[in-house]
Structure formats: structure tokens, C-alpha cells
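Asker: As they're listed, the protein sequences go chains W and B.
The first sequence begins at 1 in this note's numbering and counts up one residue at a time.
The second sequence begins at 1001 in this note's numbering and counts up one residue at a time.
Everything labelled a hint here was simulated from the structure, so no lab data went into it.
Just to be clear, a hint being listed does not mean it is correct.
[Claimed, not checked] Simulated coverage check for chain B against chain W, where a stretch passes if three residues somewhere in it have a Cβ under 8 Å from a Cβ of chain W:
| no. | stretch |
| --- | --- |
| 1 | 1055 to 1068 |
| 2 | 1102 to 1111 |
| 3 | 1131 to 1141 |
| 4 | 1159 to 1169 |
| 5 | 1202 to 1208 |
Since we're looking at a predicted model, the values are computed, not measured.
Here a beta-carbon is modelled for each residue, glycine too, at the ideal position from N, C-alpha and C.
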Amino acid sequence: MRFYLLSIWIIVAGFLPGLALADEPVIAVIVSAQAAYTVPVATNDLASVYWRKKLYDNHGKPLHPANLSSDHPLRLRFSQQVLHSSPRSQVGYWNEQYFHGIQPPYTVESQEAMIRYVAYTESAIGYIDACKVDERVKPVIWVTANKILGEAPALRCSTATP
Amino acid sequence: MSTILLRCAVSVISLCMMCKPLLAEEDSSFWDGFRIGGYTSVDLHIPRTETTRLNWNELAMIVTWDKNTRIKFFGELDLEDVASYNHRQGLDFRDAYINPERLYFDVNLTERANVRLGRFLTPLGRWNQLHASPLVWTASRPLATTELFPTFTSGIQFFGTLPFQERSLDYQIYSATMNAQPESRGETQYKDMRGARVALNNVFNFTDENAGLNTIGLNYATYREEQSFGPKYSLLGVDFLIEFNRWELSGEAYTRKIDHGQGGGSGFYLQSAYLIKNDWYWITRLESLHQPDTSNAERWIIGVTKRLKPNQLLKFEVVGGNGEYEDIPRGFTTSFAMMY
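The shape of chain B in the complex, shown without the other chains (with noise of 0.2 Å):
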């Protein structure tokens, strides 16, 4: 691990040396193109079987670099699992690691084409690509977006916008160049990502004074698992989502097959965020996930949310259904999240 890390580090650093004569004629200093951020979440869980139990799940820095050229850096070091409490083994940070979750350069080609090279998050369907926990309304992920898919890919993706009239497509052509991983625990590793997705905004066109994003997705990839003789897989998805009036709407569908179109899993998750008043938001969510060798889970959420500041969510929910997974076991949930 502490290899990679150093790895990365020198990576980065060298990379950004090379475009520093690209800047020779700037005034302002190299470093001045660099902005640190970051995001922090907190959960408390009251699981219906488990112990009650207190996580801090994350502190995440992001590093972008960006001075005006052609050429941007973006970095995301993440602490994870940095600690946890529960009133049997008290307070535990056994279970912290680090993982360098983002590290790419985004390299402009021209005003309608861009690369980036890295490790990036794979650009399959939205949840995926917004999962700090900031950006979405739950504290729990649906399981169609973290079992069915690698969620990282290292290697190279083709990206841009093309614009028609009043609405834009998106797209995004990735493929894996490198196999190897940096640990990211519990999760199935897979090799050999290739896909595409393409986004439709603004397809409805709404005009109301109250309307707001709407867009269509359709997502398609191919990749192995790690292990030796492992199957292959390609993965068809769609997603969408719709902001009119009080009512966000969104979700995501994903089928898999095996190599010879034998049924290699299933998952979708439908979900709706209506505001309420002062910033509470009600919170639904139905989701479902088939595997071949795991039991089947579907699982209901219902909760509510409130955006105290653009950048801070608090929210509460209770999850339900069938199908125990990790990642928020079933029973009520808090958490808070905010970006920085």
C-alpha cells in the first residue's frame, strides 16, 4: 500500500514539474493553480439485530490543479473507515486506510474532445460518479451501483459535450490500462474494463419557472474478474433523472451477462427527494439486486434529509426489505456529511 502511495506521489509531482515550463510566461506562481478541498461524513447506526454504533467514515482531500493551460490535475486522497464507537469495544480506528481514491490529468484536445489519465471513477450511470456523501441524499448506497461494476478505473477516457439546439450530449469512453488496483476492501476486483456512456440533457425541455435538471443516460462495458479463468462480463445500464418543481426523481437499471449470455446479475434503484419546506427533503427509495452466487436483496428506504448549507447535509433514515448488506445494515440510520 505505502508503495502505491509513493508511487502516486512521485507521479504527481513529476507530472506536474513537466507543466511548469509550459507556464514560464505566466506571472502568477506555479503553485497558485492548486486548490485543496475536501469532504467528511459522519454515521450513526441503531441496526435492528447489531449493535448500536457511531462511524466516521471518511476524510477526503482533493487536490486540483488548474492554471489556465490545457493541462488540469485532480487528486483525491481519502482516509477511510478513519474511526468507530459502539459501547461494547469502544473506540476503534484498527479499521482506517487510506486509498487514493482519484489521480488524473485532464488534458484538453480540442473544444469538444478532452483525455483524462489516471485513476478515475468509472463513468457508469450517475451514483457512481457523485457518491461522496455530500451529493447524495441517503447515507446508504443502492447496491445496483457497487456490486455489479468496478467502480474505479485506471487507464484512459475520452470525455466531452456536444451541444444540439437546447439540450447537450455527454460522453465518455473509458478503458482500462492498468490491472492493478490499490486495495479497496470488500469489493470484487475486476480487470479489463472497457465501455461508454452517453448522456441526453435537458431532454424535456421543461420552461417552467420551477424546472431543473433532466437528463438520460445509456451505459454499456465490458470487464473480467481478477481471479484466474474468471468470467467475462458486459453490462448494459440506463439511468436518468428529473427536477420539476419540488421533485427530484432518479434512478438507474444495470443487466450483466457472462461470456456465452448466460444471466450474469441485475440491479436498479428508484428513488425520489421532494422538498418539503425549509430545505427538509422526503426521501424514497426502492432498490433491487440479483446475483448468480449471492442471495437477492431488495431493499426499501425511506427517510428525510436536510440541506442545512449548500454544502451540508444532515440525514435520517430507516432502511428495510430483505437482503443484509454491510455497507448500512437494515434499521435506522443518521448521518451528517458536509464538503469543504
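Okay, chain W solo, but in the shape it has when bound (with noise of 0.2 Å):
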């Protein structure tokens, strides 16, 4: 009895939790498919990006990442992952940035907005769900419930994020 409790116990503290994580989408880190406009971007480099303290790429071109709106909850996942902070608690980090003349990453209203800034726009980061990646875009790395990789894990495409 004792074991089948603490069995429960596990799969209810542990399992049941990792399958909710497990339905979160794919975040697919995207730069321009045109190879003029493409940039390479490394996983190591993906938070210095956004936080604006690696500006140039190594040919000396300006970078130009992009977020989702600030309530959008891919931005949420994504600031979480990737920058370990939310985009509430990074309103004085950015006070501070505009002190020293920096702006924040360029700021888009949907999926469909971001990949049209990224596609145009030369040195362009952006990302969106990994499920909406078209020809127009090219994914560089990805952001999965826990890990960001440098190679296309499998997807589930059945639903999708607005």
C-alpha cells in the first residue's frame, strides 16, 4: 500500500508535470533564408544577443534582434530560457541600457510580423513557434521545454501557438 501511495505521489509530483512541458511548443530561433540577409547565430551567444551586449555578428554587421510583445507567451518562454528573467523584471535593465544609449531588441505584434522582419531585414534574429517556419525563414536554434539546441529536435506539429 505504502509503495502504490508513493508510486501516485511520483507520478503526480514528477510525470505529470514534465507531460504539461512536454506540450509546450518547440521555439525555433530564426535568422533570414536570403543569404544576404542571414547572419550566424551560436547557442552560446543567443542571451548576449538579447540582452544587447553582443551587438555586431563576426563580419562586423549590426545585429538586430526581435522579440514578441511582451505578453505574448512565447516571449514569456523565451525570455525565461533563454535570458532567465521575465520581460517585467527587465524593465530596469533596460532603463539602464537606455542610459548608455542602447535600445532594446525591436518589438513585434504576431508570428506572422516576425518572420517578415527577420526575412527583410539584414542580420535579423527573431523566433517563433518551430511549427510555423517556412521558406522564408531559416531555424538556427532551438528552444525546447528545457534545453536549447543547436540541432532540429522532432516536432509534434498538431497544435499551434497564435
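With the hints in hand, could you dock these two chains into one complex?
Answerer: Right, here's the structure in full:
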């Protein structure tokens, strides 16, 4: 009986949240598919790019990261997993950067707007639901429920985010 | 003073014009790269022993120039101590002066290295580099960040960020090349400033949904007092910032030695900001300053600060302890600060 209760507790406490996380869409970090506009992004550099600490690529081209709006579910997850903080807690940081003349990443309202911005802006970087990637953009990094990967994971594209 | 300003203005315009040929192929105008902003703050002081007074502290203008090239310009020109009022002397503009706080060019060298040339905030600790009123929780500034080292340096700085796994390391290495500093009132003048700062970001790798920034910095600098045969100092410092759930904890500590190992003073502050509700924060700070030739100061500050908008702070604080310094006398202070 004790073993039975322990098993249920393990399932409830550990396994069910895992299932819930498994339903989180994989986020794809995207760059333009056009050779003239694309830019290489290393997994290690992703946070520095979005904190605007790394401003240039290795050819001296200025990087143009873009964010979804601060209440978008993908923005919240991206911020949590890549920047280890919520958009709300970053207000002070961006005020500080403004004081040093640095602007926060450009903000777009939807994933389609993100695709268009990234596809047609030189050295732009963005992120969308990995299931929404199309031929206009190229995914380079994938953010799963608990990892940041340089190679594409297996995708289940039955559910879609707004 | 006017000569310095004129030289600064001519230098900036000349250097910006030198950048222009690099942009010849760009469609948009050279002037499109400019942005203008700034900040301002007003304090009401009700000291324990002196007269109540209202101060308009500064009117700062920030100008940046960025045309997506490897070169950027940054300038901050402040009108300091704009006006003050008390019931004995009335409205007074006599203390106002213009201070070219920062004027520099940033040049990108590689993806991990940049160079800064000009007059910049000395990269020692956090507060000195982020001292603008709308960026700090209190109207008063910790004494350890004003009394122990030069707050500005005119020279060269190499800086960048080195990422590794979930963390990153910011570095700043700098040296003064010009010792003639524009007038900054009430501060000891120093020269031959050299130093370095490294800061490790995301130290604790928090993953909680309420996690925030967390960073630890190490600082080292050497410099001399500007007067003839002035002592040479070497300073060692540490600073940190931790944000988690509703808390923000920060602090800095410095110790300074004179030429032959004699103690040259020390100081620290520890500050907490706790989010109460609706963008109201409960602020506490303890600070200490010890210098060989002046009286020691031990201060405490408690207060509340409201973030009215992302760019506006309204502060109320009580300053106590011993050691009377000019910036914020002991007593009650309220302040409004905004960026624009």
C-alpha cells in the first residue's frame, strides 16, 4: 500500500508536470533565408544578443534581434529559458541600457510579423513556434521545454500558438 | 569652462563628419542616425537641522549617433543644480553649471571586443555607471561610490562580453589619457586612472519564473590625487546584484591602499528593494565610509519608491546615522525622477 501511494505521488509530483512541459511548443530561433540578409548565431551567444551585449556579428555587421510583445506566451517562455528572467523584471535593465544609448530589441506583435521582419532585415534574429517556420526564414537554434539546442529536435506540430 | 565645451563640440562635430564618408552608400541621411533623450529630477529635502529646500538637480540631454556602422557616438550634456528654492533665499539659479558628463565614440573591433574613446563613467561597480536618478531606488547616493575614486575617466576603454554556457563575463579595461577633467564640483580631483572590471552574469542560473538578473563584479584600479606629490592609490572592489521573486539585493564594497600599503580608506553599501504591491517598493540601505583625513560616516536609509511608469520614479526616504555629507543631509527627502 505504501509503495502504491509513493508511486502515485511520484507520478503526480514529477511525471505530470513533465507531460505538461512536453506540450510546450518548441521555439525556433530564426534568421533570414536570403543569403544577403542571413547571419550566423551560436547557441552560446543567443542570450548576449538579446541582452544587447553582443551588438555585432563576426563580420562587423550590426545584429537586429526582435522580440514578440511582452505578454505573448512565446516571449514569456523565451525570456524565461534564454534570459532567465521575465520581461517585467527587465524594465530596470532596459532603462539602464537606454542610459548608455542602447535600445532594446525591436518588438513585433505576431509571429507572422516576426517572420516578415526577420526575412527582410539584414542580420535580423527572431523566434517563433518551430511549427510555423516557412521558406522565408531559416531556423538555427531550438528552445525546447528545458534545453537550448543547435540541432532540430523531433517536432509534433498538431497544436499551434497564436 | 566655455573653452572646454567649445572644444568638445568641435571634436564631436569633426569626428561625426569623418564618419560620414563611410555612409556614402546608405540611402538615408547622415542625420537620421541621431537620437536625443535625457532625464531630470527634483528633490524636496526636509533636513533635521537645516532649512527645508527644493532642488531641481539636473536637466540632462543624451545624444547618440548610430548608423549601423562599427562606429557609434554617445554624448551627455547636463545642466547641474539647475535651481533651488527655500523660504529664506527664494528661488536661486546661481549654482547652475554645465557639465559634459560623457562624450565618447565606440568602435567595434571584433564580435567580442570594442574600444571606447573619450570621457566616460569610470567602470567601477554598478552605481557609478548607472547613477542617473531614474535608474536608482534612492535620492541619495552611497558615499562609497562618490568619495573613494574618480567618477569619470577621459581616455580609452576596451570592453566586451564573453559568453560561456548559460553565463557570460563582461570585461572593461581602461586607462586615462587626459588628466584635465572638466570641472565637477565638490569632488577630489584624481589623475592617471587605470583599472579593470569583470562581471559574471547569471551566476546562480536561476530558472524560477520569478528569477531576475544576478551578477557579481570585481574591480581594480590605481590613480593619484591631482595635487602635487599627491598620494597614489590602489583600490580593490566587489559588487553584486541579485533579483529573485520580489527582492532585489545589491551592494558594493571597496578598500583603498596608499603607496606603501597604508590604509587609504574603505566603504560599502548593502541595499534591498522589495516589491510590496502595485509597483511600490520598500527600500533599505546600510552604508559606511572610512577615510584617513575625514570623519567616518555610517548611514542608514529606509524609504518607499513608486515606479509610476517604466521611466518615472517617485521616492520617499529617511536618512539617518552619523556623518553629515552635502549630497543628502540626514532627514526626510522626497524625489521625482524621469527619463525622456
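Asker: None of the hints should be skipped; say for each whether it holds.
Answerer: Results for each hint:
1. Interface restraint, the stretch 1055 to 1068 of chain B with chain W: holds (4 residues with C-beta to C-beta distance below 8 Å; minimum three).
2. Interface restraint, the stretch 1102 to 1111 of chain B with chain W: holds (3 residues with C-beta to C-beta distance below 8 Å; minimum three).
3. Judged by the Cβ-Cβ criterion of 8 Å, the stretch 1131 to 1141 of chain B is covered by chain W as claimed, because 3 of its residues qualify and three suffice.
4. Interface restraint, the stretch 1159 to 1169 of chain B with chain W: holds (6 residues with C-beta to C-beta distance below 8 Å; minimum three).
5. Residues of the stretch 1202 to 1208 of chain B lying with their CB closer than 8 Å to a CB of chain W number 4, which satisfies the three-residue condition for coverage.
Checked against the numbered hints given earlier, this structure breaks none of them.
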